[in-house]
Amino acid sequence: EAQVTQNPRYLITVTGKKLTVTCSQNMNHEYMSWYRQDPGLGLRQIYYSMNVEVTDKGDVPEGYKVSRKEKRNFPLILESPSPNQTSLYFCASHQATERGGHGTQYFGPGTRLLVL
Amino acid sequence: AQSVTQPDIHITVSEGASLELRCNYSYGATPYLFWYVQSPGQGLQLLLKYFSGDTLVQGIKGFEAEFKRSQSSFNLRKPSVHWSDAAEYFCAVVDMNTGFQKLVFGTGTRLLVSP
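From first to last, the protein sequence lines are chains C and S. Reading the first sequence from the start, the letters are residues 1 to 116 in this note's numbering. Reading the second sequence from the start, the letters are residues 1001 to 1115 in this note's numbering.
In case anyone wonders, no lab produced these hints; they're calculated from the structure. Remember, predicted model here, so these are calculated numbers, not experimental data. There's no promise every hint is true.
Here's a subset of chain C near chain S, in silico, CB distances under 7 Å, partners left out [what the hints assert, rightly or not]:
{"#": "1", "residue": "Thr22"}
{"#": "2", "residue": "Pro61"}
{"#": "3", "residue": "Gln105"}
Counterexamples of contact, computed for chain C against chain S with all Cβ distances above 12 Å [to be verified]:
{"#": "4", "residue": "Val14"}
{"#": "5", "residue": "Thr15"}
{"#": "6", "residue": "Asn28"}
{"#": "7", "residue": "Gln37"}
{"#": "8", "residue": "Leu43"}
{"#": "9", "residue": "Val52"}
{"#": "10", "residue": "Lys69"}
{"#": "11", "residue": "Leu88"}
{"#": "12", "residue": "His94"}
Ideal Cβ placement from N, Cα and C applies to all residues, glycine included.
Start from the sequences, fold in the hints, and give me the full structure.
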């Protein structure tokens, strides 16, 4: 089954304690991204990756890091979490079409993070 | 930069009644447009998408959307709402200004279905 998986699904942590949220896709997609969802703001892109070892900042990258060492995995790292990073996080992947169009983005189930 | 506006934060519809959720986008060329649904506690599920061609697109669960270039709109419709349609709905457009072609989302519309 084609899917994007995220772990953990729920996480409670304290300010300053480093954490990693994993993301994996089994569709061989080149493009992957992380979004955060906050009430009244919709989803905003944090970071994205166009291929292995190619990553770049999205709209709200402060306080986050990512890596793309393998095509299927795209972990999100919070080196020193703060309460304003309490949010619902989604990983997504997609493949650009041959004509340069946009493939459909597939989303993971989400990770709900609470930073105390 | 591209943007998406969903002017209705909440909408309440009676079960069996018709539904229309509004979405307006800003983009100069032909946009790539999507509607996603998020049920409570769930992830995002793609309802339908528009890339080109027929301006009326059919999606899953009986939803359809119409692309109107003159109005910069991509409204979502359903002729008869079911209680299971209660969810949050997001319209999104692809930002083609970057090589990544990221999605720009609206702020969402929460649909409530009354008996």
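Comparing the hints with the structure gives:
no. : hint   : verdict
1   : Thr22  : violated (15 Å)
2   : Pro61  : violated (13 Å)
3   : Gln105 : holds (6 Å)
4   : Val14  : holds (24 Å)
5   : Thr15  : holds (26 Å)
6   : Asn28  : holds (17 Å)
7   : Gln37  : violated (8 Å)
8   : Leu43  : violated (4 Å)
9   : Val52  : holds (15 Å)
10  : Lys69  : holds (19 Å)
11  : Leu88  : violated (10 Å)
12  : His94  : violated (8 Å)
Violated hints for the displayed structure, listed by number in ascending order: 1, 2, 7, 8, 11 and 12.
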